[in-house]
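Novice: Protein chains in written order, with numbering that gives the first Met the number 0: chain Z, 0 to 196; chain H, 0 to 196; chain C, 0 to 263.
What you were told as hints is all true, and nothing was included just to trick you.
Non-contacting residues of chain H with respect to chain C, defined by C-beta distances greater than 12 angstroms in every case (computed):
no., residue
1, Ala32
2, Ala33
3, Arg35
4, Leu38
5, His44
6, Ala46
7, Met120
8, Arg126
9, Arg136
Here are some chain C residues pointing at chain Z (derived, C-beta under 10 angstroms):
no., residue
10, Ala156
11, Gln167
12, Lys169
If you're looking for bench data, these hints aren't it; they were derived computationally from the structure. All residues carry an ideal CB built from backbone N, CA and C; glycine is no exception.
Letter by letter, the chains look like this.
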Amino acid sequence: MSPLIRALEAALFAATQPMSVEAIARHLGQGEAAVREGLRELAAHYAGRGVELVERGGRWHFQTAPDLAHLLRPMHEEPRRLTRAATECLAIIAYHEPVSRAEIEAIRGVQTAKGTVDVLMEAGWVRIAGRREVPGRPVIYATTPTFLAEFGLGSRRDLPGIEELRATGLLDPVDEAYDALMGQGAVDPNSEEALRQ
Amino acid sequence: MSPLIRALEAALFAATQPMSVEAIARHLGQGEAAVREGLRELAAHYAGRGVELVERGGRWHFQTAPDLAHLLRPMHEEPRRLTRAATECLAIIAYHEPVSRAEIEAIRGVQTAKGTVDVLMEAGWVRIAGRREVPGRPVIYATTPTFLAEFGLGSRRDLPGIEELRATGLLDPVDEAYDALMGQGAVDPNSEEALRQ
Amino acid sequence: MNEIALPPGEGADLFTAPARDALMLEIEGWEGPLDLLLDLARRQKVDLRRISILELVDQYIAYVEAAEALKLELAADYLVMAAWLAYLKSALLLPKEEQEEPSPEELALRLQLRLQRLAAMREAAARLLARDRIGRDVFLRGAPEGLRIGKKAVWQADLYDLIAAYGQVKARNAPVVHIVRDRKVMTLDSALARMSAMLGVTLDWVELREFLPPATQAEWSDERLRRSALASSFVAALELARQGRVEIVQDHVFGPLRLRSLNA
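Based on the provided sequences and hints, a complete structural model is requested.
Specialist: Take a look at the structure:
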């Protein structure tokens with residue numbers, strides 16, 4: 000492989016923009032005819048490979064082979080349901096933002112894995128909104144405009160208030176955690192009847 | 000040219016960062032063994048050309064051949080020069096990692112400005128690698144794959160002279176080195192004489 | 000250990016007057032006393048394991064004294080090091096039996112080990128910088144097309160999930176049932192009725208408290224109920240005044256409120 004071809008290959012690889020024959024010749028201190036000849040040779044070498052050397056409007060550049068374009072695009076998107084922990088976390092951030100992880104845990108009443116908030120950030124719904132100026136300077140989280148858009152909210156004020164949640168029955172104790180808290184002994188006999196129906 | 004080689008070539012040309020075998024395999028939907036084999040073949044093809052395929056810290060990327068630096072430098076902005084303090088810090092972290100700030104200072108004999116390690120972290124060469132489980136739990140620092148890539152090191156074993164430094168105990172703390180010397184029981188009475196010259 | 004010393008004489012002429020001047024010019028160049036010591040040690044032009052510590056101490060102290068003679072301001076740590084080295088030198092010269100722990104030989108050896116380590120790292124740094132660096136010696140693709148790597152998880156949740164989750168959190172952790180203890184109160188209506196009835200039978204000024212049911216009655220003995228009655232009676236008095244049926248006077252702040260019927 001000739002020194003000129005090597006130099007051409009390196010220069011075009013490292014160039015941030017397509018280069019004209021004149022510019023290449025000037026940079027490499029070579030005659031334009033030699034550069035033109037070298038470019039043809041280099042283009043022939045790359046023909047059919049994964050990368051091609053092409054001329055567009057008098058300027059040369061490397062590009063990946065057009066038939067491999069699908070390799071450069073994102074693979075496949077994998078829809079996944081948000082876990083319950085993550086959903087609760089998101090809800091708490093939305094209702095209480097800006098809020099630290101410790102505060103989220105205090106509201107959830109359970110430890111919250113770091114990964115849970117990471118998932119929300121990965122989804123683009125939650126961002127770091129700075130640090131709380133208290134000892135330890137914990138990171139505080141808030142929601143993003145993407146969150147509002149994807150959840151169909153004009154603003155955070157559109158989130159239903161506590162009273163509205165109560166009215167829709169969403170504050171009714173429905174889960175096991177509540178039963179556990181209340182203790183099985185405290186179950187109203189009527190409700191057991193109801194449950195057995 | 001096999002489809003896998005073409006795909007590898009295109010993907011690595013297009014990638015904005017060095018890629019691990021796992022990442023390439025995942026991206027191309029290929030087995031890691033096949034990818035590894037393909038990388039070897041591709042690297043062999045590029046050997047001696049103006050562009051080379053290299054492995055740095057387990058990640059692969061294309062770069063221009065080092066001997067062409069003089070041709071390409073004029074076309075590129077020179078990276079920011081490191082201060083002596085930053086360079087020494089970087090070397091100490093690289094050769095001793097993971098290492099705490101106090102350990103860096105013990106070697107350099109001067110306090111290290113907070114900004115010095117920050118500059119190295121900002122450059123992406125140094126990361127926080129946890130805390131040393133000693134009183135005070137100091138943060139410890141280590142280098143990154145980016146550091147290896149940028150300094151042309153396949154792995155930390157390629158750090159210049161590291162084997163020799165290790166063998167001669169020059170990477171051991173002074174206390175250990177002293178104890179090792181004393182432990183040999185080879186205290187030559189002449190040496191004490193010599194010191195008093 | 001027997002490598003520490005230098006054959007007598009060698010290196011002794013390295014610290015001559017011109018060298019000292021040159022040294023002074025570099026005053027800003029050193030990063031602390033250890034750095035200066037290393038530089039001085041190197042001027043002995045021998046393997047660092049063979050330097051003469053006594054020689055080094057003399058050179059360092061000479062440097063510090065010269066700096067003082069030139070009225071150069073030295074940082075405190077240089078002077079601390081000078082004092083320590085002077086101590087080390089005198090200890091090294093003392094007869095062995097008068098020495099304390101740690102021995103001066105140990106201190107000298109430790110200093111030498113430190114210098115070796117600093118020198119090793121300085122050389123390593125230089126070799127590191129001499130490597131082919133990306134952006135300086137080798138270059139990456141200037142305009143990569145970019146690659147979106149790996150699977151992209153598209154997280155799904157909707158507003159219902161969100162508010163339902165919040166509801167559950169609230170239901171789980173907020174006090175679920177508010178039990179307000181059944182507490183007796185005097186309602187405003189009953190206070191109004193009672194006050195109206197009492198005002199109908201007198202034209203005199205009557206203090207507000209006199210409208211309250213007497214505490215001697217068992218059912219009104221509860222202090223909290225009496226406070227409720229007082230509050231309701233006060234509001235009832237204001238209401239009657241608004242209607243123009245009573246007038247209210249208060250002689251001083253926090254003084255007793257007195258009422259008198261207007262439409263007798």
